[in-house]
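Can you make the complete structure from the sequences, with help from the hints?
Number of protein chains: 6
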Amino acid sequence: MTPLPYLQKANSSFIDRDVTKMGDLIKEWSGEKIRGVGLIGAPLSKSSISHSGACFAPGTIRKALSGYSTYSIEDTIDLAKWIIQDLGDVSMHVTNIEESQNRVYETILQLFKEHPSWLPIVLGGDNSITYPSIKGYQEAKGEVGVIQFDAHHDVRNLEDGGPSNGTPFRSLLESKTINGANLVQVGIRDFSNSKPYHDYVNNHGVTVYTMKDVRHTSMKELMETSLKKLEKSVDSIYVSVDMDVIDQAQAPGCPAIGPGGMDTVDLFEAISYLGEHPMVGGLEIVEVDPTVDFRDMTSRVAAHVILNFLKGKQRGGLTFD
Amino acid sequence: MTPLPYLQKANSSFIDRDVTKMGDLIKEWSGEKIRGVGLIGAPLSKSSISHSGACFAPGTIRKALSGYSTYSIEDTIDLAKWIIQDLGDVSMHVTNIEESQNRVYETILQLFKEHPSWLPIVLGGDNSITYPSIKGYQEAKGEVGVIQFDAHHDVRNLEDGGPSNGTPFRSLLESKTINGANLVQVGIRDFSNSKPYHDYVNNHGVTVYTMKDVRHTSMKELMETSLKKLEKSVDSIYVSVDMDVIDQAQAPGCPAIGPGGMDTVDLFEAISYLGEHPMVGGLEIVEVDPTVDFRDMTSRVAAHVILNFLKGKQRGGLTFD
Amino acid sequence: MTPLPYLQKANSSFIDRDVTKMGDLIKEWSGEKIRGVGLIGAPLSKSSISHSGACFAPGTIRKALSGYSTYSIEDTIDLAKWIIQDLGDVSMHVTNIEESQNRVYETILQLFKEHPSWLPIVLGGDNSITYPSIKGYQEAKGEVGVIQFDAHHDVRNLEDGGPSNGTPFRSLLESKTINGANLVQVGIRDFSNSKPYHDYVNNHGVTVYTMKDVRHTSMKELMETSLKKLEKSVDSIYVSVDMDVIDQAQAPGCPAIGPGGMDTVDLFEAISYLGEHPMVGGLEIVEVDPTVDFRDMTSRVAAHVILNFLKGKQRGGLTFD
Amino acid sequence: MTPLPYLQKANSSFIDRDVTKMGDLIKEWSGEKIRGVGLIGAPLSKSSISHSGACFAPGTIRKALSGYSTYSIEDTIDLAKWIIQDLGDVSMHVTNIEESQNRVYETILQLFKEHPSWLPIVLGGDNSITYPSIKGYQEAKGEVGVIQFDAHHDVRNLEDGGPSNGTPFRSLLESKTINGANLVQVGIRDFSNSKPYHDYVNNHGVTVYTMKDVRHTSMKELMETSLKKLEKSVDSIYVSVDMDVIDQAQAPGCPAIGPGGMDTVDLFEAISYLGEHPMVGGLEIVEVDPTVDFRDMTSRVAAHVILNFLKGKQRGGLTFD
Amino acid sequence: MTPLPYLQKANSSFIDRDVTKMGDLIKEWSGEKIRGVGLIGAPLSKSSISHSGACFAPGTIRKALSGYSTYSIEDTIDLAKWIIQDLGDVSMHVTNIEESQNRVYETILQLFKEHPSWLPIVLGGDNSITYPSIKGYQEAKGEVGVIQFDAHHDVRNLEDGGPSNGTPFRSLLESKTINGANLVQVGIRDFSNSKPYHDYVNNHGVTVYTMKDVRHTSMKELMETSLKKLEKSVDSIYVSVDMDVIDQAQAPGCPAIGPGGMDTVDLFEAISYLGEHPMVGGLEIVEVDPTVDFRDMTSRVAAHVILNFLKGKQRGGLTFD
Amino acid sequence: MTPLPYLQKANSSFIDRDVTKMGDLIKEWSGEKIRGVGLIGAPLSKSSISHSGACFAPGTIRKALSGYSTYSIEDTIDLAKWIIQDLGDVSMHVTNIEESQNRVYETILQLFKEHPSWLPIVLGGDNSITYPSIKGYQEAKGEVGVIQFDAHHDVRNLEDGGPSNGTPFRSLLESKTINGANLVQVGIRDFSNSKPYHDYVNNHGVTVYTMKDVRHTSMKELMETSLKKLEKSVDSIYVSVDMDVIDQAQAPGCPAIGPGGMDTVDLFEAISYLGEHPMVGGLEIVEVDPTVDFRDMTSRVAAHVILNFLKGKQRGGLTFD
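Residue numbers (our numbering), protein chains in the order written: chain S, 1 to 321; chain P, 1001 to 1321; chain L, 2001 to 2321; chain Z, 3001 to 3321; chain F, 4001 to 4321; chain C, 5001 to 5321.
No wet-lab data here; the hints were simulated from the structure. Heads up, the beta-carbon is just placed ideally off N, CA and C, and yes, glycines get one too. Be careful, since some hints might not be right.
[Unchecked claim] Think about it this way: if two alpha-carbon atoms lie no more than 27 angstroms apart in a straight line, the pair counts; the simulated DSS-like pairs of lysine-lysine are:
| no. | chain 1 | residue 1 | chain 2 | residue 2 |
| --- | --- | --- | --- | --- |
| 1 | S | K113 | F | K4009 |
| 2 | C | K5176 | C | K5232 |
| 3 | F | K4027 | F | K4009 |
| 4 | Z | K3063 | Z | K3027 |
| 5 | Z | K3195 | P | K1021 |
| 6 | P | K1141 | P | K1229 |
| 7 | F | K4021 | S | K9 |
| 8 | C | K5212 | S | K63 |
| 9 | C | K5176 | C | K5195 |
| 10 | C | K5009 | C | K5021 |
| 11 | Z | K3113 | Z | K3141 |
| 12 | L | K2176 | L | K2195 |
| 13 | Z | K3212 | P | K1021 |
| 14 | Z | K3229 | Z | K3141 |
| 15 | F | K4212 | Z | K3063 |
| 16 | S | K228 | S | K212 |
| 17 | L | K2212 | C | K5021 |
| 18 | F | K4009 | S | K81 |
| 19 | C | K5081 | Z | K3009 |
| 20 | P | K1027 | Z | K3195 |
[Claimed, not checked] Residues of chain S placed beyond 10 angstroms of chain L at every Cβ, according to the derived structure:
| no. | residue |
| --- | --- |
| 21 | L7 |
| 22 | D16 |
| 23 | D18 |
| 24 | G23 |
| 25 | I49 |
| 26 | G67 |
| 27 | I77 |
| 28 | S91 |
| 29 | E98 |
| 30 | G142 |
| 31 | N179 |
| 32 | A181 |
| 33 | F191 |
| 34 | R215 |
| 35 | E224 |
| 36 | E276 |
Here's what the structure looks like:
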């Protein structure tokens, strides 16, 4: 056959031979053994209290992530040798929300059974997927500690609307999937939570760092303290990022935006620090709604959360048998 | 008390003493006997196959409607003497979609039990609310004929996603709530429906007018034929308008937009003609998604559907005991 | 009557029994004695030099405010017991701008006559409403000190366009409604004011803190100094917030946006600090234009200005006879 | 000096030697005798009942117009030899709306005194400029007939808001600037006008063609009838185009949009037909709000109104002494 | 391995077992013999005179096309049995535009050499790709007739800017790739072309149907006449659709939009009629700019152009050896 | 002639007699001797790897700049006496990108030959114009040092796409136009550059300050060190600002946005500090794409870069013979 030098796959983008992009590392999974980081999408947002298009975030975060370089010039670390599996998305039921949530749980648990050294990066979806995600994670990993970056406690009662994006940590605590003493909430914001829910987390022994704490203490110190506490009491640590922890100017595409939030650079620093710790075995990012974002800014922030997590893991000397 | 001549209710708009607006006729319902037209919202769109903000349409349609004059200069008919009750919205469950649909059914049925001469105008929401709406309507009214303006048959199977916005007429036919012979579909569009579903409606004796029929036959003739047929076989006629029957240039805010659709003026003519008929006892408008619309254009079209329906009723000499 | 458990007022939102929102505290005023905070809208922006939709801000700020919780987790203060009256809007004349401004003055003065312990929160509108607002306030309260957060002096001459959004402090100074020595301008920005107007405020003894001052001195110190000075020379202090004092990235919906502005957190800190002071008896927010904003971000900032003001008042032990 | 072949005026656009654009014909006026068409802007929209950015339309219409070719392929008419003066804009007062309206009147009248053969094309602005424009025109020209394309009568009472964009024809009729028998309203729309105002125009002998008339009679016939009537009773004819006469899908950038309006092609046909008539001596276009338009579509329609008017004038053999 | 029933490929969409979508027919090409329709993208728009993002149209048109059903209810024709190859995109050089154009020519010619029965559907890109596309097509097919739907002649001189989106038919005529007598231009619009270029096409014997012709003659008649003429003088017919032939209200996403254009239904009727003819062997769609479109409306129109072309081919009994 | 007091040039804006705006200083150049600052536009962005509308930035930056006051209240410096020439734009070839780049080079060099004391402010366009700009500058000025604010090294190989916006510093280094030791890159961002390109600049002796450096060292210190080094080794210093050095929240209109970038205030401080230095003889701003910006925020930042540069020059006592 005559060569067709100028015919390429539809929608290809420019290739520079001297640049390795994250998109070059990420491979569609075809069932082989998972030994390291594996992305999985949980595109559910019908469970949200307010209208949300967070179901589109797995797509936009993947796209944003793919375009960045593998090289951290700040740490002179290159991820170019990694292979990252993209496991795909959990399929969601059109009209049965609890069934959709259960699919997240079952899929994560099942994957861990076959691939115990899998390090999941879960792309929500809204915060309701946190309960099934962590439930699956906990059943595979044992006692779990959670470091949650969030403007909100997310411990709403389940009577007034069922298992929504406002309830995941209520479900986790009530079901004893996690112990309140093993939960650290970072970035809780003024006038964005009710007193009864603050009382609830206090009563469960949850550690709460408000934005005032974040402004007045260094992120490194907050993370150091948190890890020191958790490493004694849990088997594994899971990091949950509700993107609305970030200030509305920097993460304009979250459903519940507002001023007075965290700076992205502080979050990135926290995440790379956490990633470095060998007990940190999972990361999730939720509440990014691309349909109300500006130029996928919030998905770009999410991509940098993942990049900083991977940088931390590389610094921490991640190896998988 | 000293008078405060310039203090008015928040968000009031300009009042011209010589203009009666629809907003002046529409009164929030407080439980009294309903004798004529009553608006009711069914703000459900979590049941949609694709992401939809149609849950916001009851609000935007009400707002658009309120701003128009009560006076039809074309027919020299003034609705200024009408009183229209706004019954409010059916409350939707946050995470249980079938429960939400059932609430639509129960609320409509209950209202008819207490207020048999109610003439409902149901504001969706997505097309999934058509099944519970018409089910409630049918239980109150007896044998029902339906004239459906829609680009799609909406007879999808229920196995692949449950009772969604693609299935309402399947549910109505399978449950024998309506008889296929009493269903008229107008505006069905090219390359927007599958052959199996066309076969399905043919097998159920449904009357189908495609956009080709609409382009080549006058709307008046199509409606005349339809009414003549239905008035012999049913007790009451319900008009269902999926706004995506209109061309995308004229109704840009529907989830499933495309070219080749109906002209608004043809729809208005059909609706006022239908409204005139004494057996036509209900109207619904679905699939308007204000979150993707341009300047609420599609809600404005919806408002004119209602206005033309009322004009028809006035022409038809509507009276309620 | 048969109960209709699922029928609710149109456009209702989700209710969580364990959450008190600001919207639960705010009541439409019906003429009773006003003893504490009362919101009043001044929806005027035809007076703006450049095209402005600030007339819509009373609506969007109210909406943003209503959605936030009453609970400050940072100060563990709950406003849940407050009652806040919403007095409504001053009605504006369609074509007579000075008449509209006068209505603001007359309404505020009249309200104070009947309700001397009213603590007004005035929602503009553009900055032109500052002159009639403070004039009414001053006639009720005596010698007034003003702390003005603004990128601009707003002392333009009145010959070149009449009483616009560029002139309010000129009018206040020229009419001796306030004394220059009792005016503090905070956040004045580089390349956003002319030398003659800087000279003008200097000549009137106005205290000016530029953004350079804000960057190099703590907000607490600036406020402390300002209050110490004013508490000796005035009877009452009024806080005026032109939202364009904030950086364009954080308040994108002001007519005159630009870089190099104040951080929202600094403004919130200043406002709660000021609110705490017993002599601070009024707050206004102007120059929020929702028609050019992104996701009502700027109205959300305005809502937090109000929340921080109320928090300050609670900390300060606000009581009304 | 060394040549700088590649340096051109800032913001220049591509030049094709074989294309004459309207922008090539239009010259900034420098006070010389005006003998033919002269553009003049009246950028006033603070007089609008609802928020309007129509003050920006003179700019966007000029820009749209400049980009079109001078050649009508449909009539094989080339305007390439015309010279069109751009007289500039009437300056508007920042805070005195009636003063602004008066400036329109005075400027137009003054220009006619010096330049009696001027053929004005007035670019609004909102419809309130119609009263001063036509008043100036009438004082210069004698008895005036007006053909008004509009969805609305625009005869609101002046008590409820002063001389706004809803009142111009009321003012013209009340002041006897024009006689009701010499006014033709074309495109009046259903549910967009009140009965009292319909009665008012009927009582003044105004000729009203609703959209129903437009749909059922050819535009040529309507125009022929109108001209035949007016040419007997007036000295000069003025054409007023409120762009909201066009359907919202085709003119999305008008403040008061809605479905059921006129097709642009019908308007163009009417305008070129009217332009051909020697008694037609003025054209105005109002109610284009570029701030809510999509891609300046509505300004492009306005540009084509002007182009068709000029084509008509060329067909009619326009000459000026 | 344990089954993972809920894990699916990332970004999958809902599957209804009873619906066949175009996306199910279109297969990524892997080098096998091409026997029927093959899509190919030419994502070039740096060649445009005005800023254009038409390079993104191959992606958005493919996406729009994939979502439509294979079934034409108007003709009761189902394309479900077709296989359509997606050959991918011609890769474009970052900084050498003429090289990019040449790659289009070479790729098309090369493909025809190997696959002489290929029926190309070329997705631009801007109109500059028409010259290399048709040049490649002509070298493979012999004497070519072209039916061009376009608001513009596109015969600009090449001196003033090189081979741009304004010049393709000049290049085709000058290079004698096609004969003026074999070119039919349909939809040429008023005030959108210069007299010299109208003269140019007249001098070359091009058949020109303006929008006036389109409004006054049925599309079927225009197409019939055109085909009758061409079938005598050429070996093969190529259909070129510049989407700006459509009215701006219906195709808002073209770079050069304006009022007074063609209705989509007329275009679809023309295209299916042309598709039916056995000599019609190629189709291209150019000048769709998704970056300025509203909800991919214009790409949806493009998808329907392709669907109607395929329907025509099915009606015409397309077979390939 | 009768005076026409209210007729002004089209699109004029409000004039306040007490305000001098930058637009009052900037004069369209008419060929006279250039002695100080001269603006020149290089509206090229077809050379960009990804789609870019940076060609529109010269227009939007000029517009933003014109609206700001000449007065720096922070430094009590008034630029009101300056005259700034606007030389216009380099004309760009429609289809030959390298020709366009060459025109930038030739025009700048030619201007320097005639006007050696010209202090150019070059408004891109994309970063590809940096190579011809600095090449022209260097040929006029001798050994050049460059301080580049940029998220990226911009030293891509030229084989994979020619002289694009990713290659300018590669071209400058390879052609020995500048020496690596005389290049300082400030603001280089994590995961936005490849290791081979980091190695490349290291191998060429380029000084690199990453965002980590910027966060941990004061901008003043970085600039002081840079200037001290350069003033020994070069004849003249050129400042190049790729606006994507700024965080995406503050400069949302750059093609390659992302989180973790520089704060505008840091950039302004650096620029005014650099402007003060007598050897700094040129400034360019590139990679502002107004077509994807929000309210021209990024052009407003660019305008402040220029203002701070001028302020620095005034502080530095700029005089031209």
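Which hint numbers does the structure go against, in order from smallest to largest? 25, 33, 34
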